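So the sequence lines, in the order shown, correspond to chains Z and V.
59 is the number of the first residue of the first sequence in our numbering; add one for each residue after it.
1374 is the number of the first residue of the second sequence in our numbering; add one for each residue after it.
Since the hints were made in silico from the structure, they are not lab data.
A hint or two may mislead.
Straight-line alpha carbon distances no greater than 20 Å define the calculated SDA-like cross-link-like pairs of lysine to any residue that follow [what the hints assert, rightly or not]:
(1) V/Lys1595 <-> Z/Leu83
(2) V/Lys1688 <-> Z/Gly81
(3) Z/Lys326 <-> V/Pro1679
(4) V/Lys1798 <-> Z/Glu147
(5) V/Lys1688 <-> Z/Ile228
(6) V/Lys1688 <-> Z/Leu83
(7) V/Lys1629 <-> V/Pro1679
(8) V/Lys1595 <-> Z/Val252
Just the calculated beta-carbon pair ranges, DEER-fashion [stated by the list, open to error]:
(9) Z/Asp329 <-> V/Tyr1471: 16 to 26 Å
(10) V/Val1761 <-> Z/Ile228: 42 to 52 Å
(11) Z/Asp329 <-> V/Lys1678: 44 to 54 Å
(12) Z/Phe240 <-> V/Leu1760: 47 to 57 Å
(13) V/Val1761 <-> Z/Leu298: 55 to 65 Å
Selected chain V positions facing chain Z (in silico; Cβ < 8 Å) [what the hints assert, rightly or not]:
(14) Gly1506
(15) Arg1540
(16) Glu1601
(17) Asp1695
(18) Gly1696
(19) Arg1697
(20) Gln1830
A quick note: this is a predicted structure, and the numbers were derived from the prediction, not measured.
Every residue gets a Cβ at the ideal spot worked out from N, C-alpha and C, and that includes glycine.
Next come the chains, spelled out residue by residue.
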Amino acid sequence: MFKSLRVSVVVVTLALSGIVSAGPLGIGSTATPEMIAGWDIDIRPDGVGLPPGQGSVAEGEPLYEAKCASCHGLFGEGEGRWPVLAGGEGTLDTLHPEKTVGSYWPFASTLWDYIYRAMPYTAPQSLSKEEVYSIAAYVLYLNDIVEEDFVSNQETFAQVKMPNEANFFIDNRPDVQNERCFQSCADPSTFEIVTTINGVTPTGHFKEDSGVAANHYEGNPSAASSSEIRVEKSVTKVALSKEALLGRGVYDKACQTCHNSGIAGAPKLGDVSGWVDRIGQGMDTLNDHAINGYQGADGVMPAKGGNMALSDDDVVNAVAYMVESSR
Amino acid sequence: MSAHLSIIQFSTNDRTYWKGNMSKLYEPSLPKLMEAIATEAKGMRGMDRRNFLKGGIAAVAGLSSVQIIPKANASANLPPNLPEWQRQLGPGVVAKPYGDPSEFEDLQRRTVPWLTVDAASSISMTPLQDLDGIITPSGVVFERYHGGIPNVNPDQHRLIIHGLVERPLVLTMDDLRRFPSVSQIRFIECPANGGMEWRGAQMEALQFTHGMLACCEWTGVKLSTLLEEVGVKPEGKWILAEGADAAGMSRSIPLKKALDDTIIAWGQNGEALRPEQGYPLRMLNPGWEGNTSVKWLRRLEIGDKPWHHREETSKYTDLMPDGRSRRFTWVMETNSVITSPCPENPLKQPGFLEIRGLAWSGRGRIKAVDVSLDGGVNWQRTELGELVIPKALTQFSLKTQWNGQPWLLQSRAIDETGYVQPTLKQLRDERGGWSIYHKNSIHTWNVSETGDVYNVQIS
């Protein structure tokens, strides 16, 4: 195998040597069109890079709900603190700007490019081109940028105009000019000293003998700081089955994004009360929901957590790990 | 009641203070002490409880050993006594083939947990408060990931250069190392550095106000050398750089920058890049937004227009008060900060003091740094460190006296283009409070009469 590969590389190099002259240093090998085609995934605003294929808003809706809504919300409103995709029009010059695809993004091509290269978050580059056309169309529809009957393809997608496109301008810094003054440069009687909000800074690292009065920094923990600090689960103390031990690695890669934070109603790892009713349904039901997806009153479980590259066994093992760590 | 309070104060990480009180209050009765700790812990939950118990019990253990073996007392190692480490052999060579910092050091990247929603798309900060000099040790260089750290096998990693070129190339790591190489000391900074402070002072720590910053020696091949090798066609004006991470990080770089000083680097501080920093190959755009220095670099495509990808439209654009936005804000403008004293490094005693800090500019060399003790009313010149390298961290220092007077301590850097680091007011007047990125304003530490240092803003 190795030898034949070597031979074919030499043949390709020789075949191309008549057409392409070597660079000044003659280092490296020719990148073949096949190699480039596999990696060249980028899309530009003028439509360059958009592949053949198509997808509609109607086809996008179920795909979006299965693969995107667990983080971005059913209407693009964003679950928890995951990115909001829709809304926010007219807010950019207010005190609470909301930057979404519709209110902020200057080009629709960026949406296609990013969904294809990086989404779903836990399973990048797992979507087909048709699925990306469909989901991108649906996100544009959620933003009232295309109509319900929109079908996106190489031609129509490149023609989509985004409402905020004209509001971007090229960097014009330096935009402020300070002077290098040395004496009486400011009027201290006008000074207003603004201090920090107590409690938002993690201060665990302050030196033990620094002499800083620690209570100064911990006076009034805000909701933001205290609620977001992740409480470690002592899962290692639980005796895990062989399946669960195998599932632990799967969990870290594919499941923890939602099941550590509880996003989209996901029961958190180690949250006994959150798991008890689910465990009561039996492992078969849990495995079925995890493998094939589930949508209930409490939340959304995308099939295999959105990562279709996982085998059914991987998912079953991960479920075992979560269950054994949460009872 | 007083005993109760003393334990609470221990739980806030002030071990010395607590121990001092302990010996007075509890010296004779170890069981009573353990009981007090257990009682106190009952009212706590989660990490608080664990940290408290860990610390409390460790301190008790320390206390008991003090009583049983008097020589374990710290003073036993002080002159005129011979320290314990001098009375025995230590480990020999290659006890640790790759060494660690001393166990007495606590050098750590840290994050602000509420900043981001998931650790695989998040940021941690460099512990500037614990570092000396201009080089950031590789292990504590701040991290920024958009899809976690890929575990790249260098033998199976390839860089493809294609697009508007005469000779599209695929390069192995061995190929890349054959090219003429350069080693350069350059800073790298996330444009969101300080971004939490736009609308008010928020972070009571240097690590969190300025820690999205590092400076390393980078080794690699100049991108201009690689571009000669592939032969850029005349219509080629832009380069798309793309990473091999789960986010497929991508940025559009103008050819002009690529031909100027961009490096394709495999080395960092004398060894291979750390996985966190793009192992085995990254782009480095000196002086520009850290995000443009694409890590785990797998592809460079030459084109005639920019790509306007997510990280140069949705993110890394700067919203102005009128609702319009700046794009392609690549340059990191001149900035500086005092690293000692700072909230983590308060002043402990009056007398001689060397105020120390770092300055940097994405436009070139630092020309001068001034320091003000009174909130910017009066300024004095400082001394720069020996190494003044373009687009690198530069040390400055001012020798002075502190005798318990409160200070509003500021530093102001000037670069070789004549640009003077602006005030926060100047930036806010121009950009409002929502642009997130590129907050390079003069920073203020309030040194109190006790020597404690606080992050404040003057408006």
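Against the structure, the hints come out as follows:
no. : hint                               : verdict
1   : V/Lys1595 <-> Z/Leu83              : holds, 14 Å
2   : V/Lys1688 <-> Z/Gly81              : violated, 37 Å
3   : Z/Lys326 <-> V/Pro1679             : violated, 42 Å
4   : V/Lys1798 <-> Z/Glu147             : violated, 29 Å
5   : V/Lys1688 <-> Z/Ile228             : holds, 15 Å
6   : V/Lys1688 <-> Z/Leu83              : violated, 38 Å
7   : V/Lys1629 <-> V/Pro1679            : holds, 13 Å
8   : V/Lys1595 <-> Z/Val252             : violated, 46 Å
9   : Z/Asp329 <-> V/Tyr1471: 16 to 26 Å : violated, 39 Å
10  : V/Val1761 <-> Z/Ile228: 42 to 52 Å : violated, 31 Å
11  : Z/Asp329 <-> V/Lys1678: 44 to 54 Å : holds, 50 Å
12  : Z/Phe240 <-> V/Leu1760: 47 to 57 Å : violated, 26 Å
13  : V/Val1761 <-> Z/Leu298: 55 to 65 Å : holds, 56 Å
14  : Gly1506                            : violated, 20 Å
15  : Arg1540                            : holds, 5 Å
16  : Glu1601                            : holds, 6 Å
17  : Asp1695                            : holds, 6 Å
18  : Gly1696                            : holds, 3 Å
19  : Arg1697                            : holds, 5 Å
20  : Gln1830                            : holds, 4 Å
Of the numbered hints listed earlier, those contradicted by the structure are 2, 3, 4, 6, 8, 9, 10, 12, 14.
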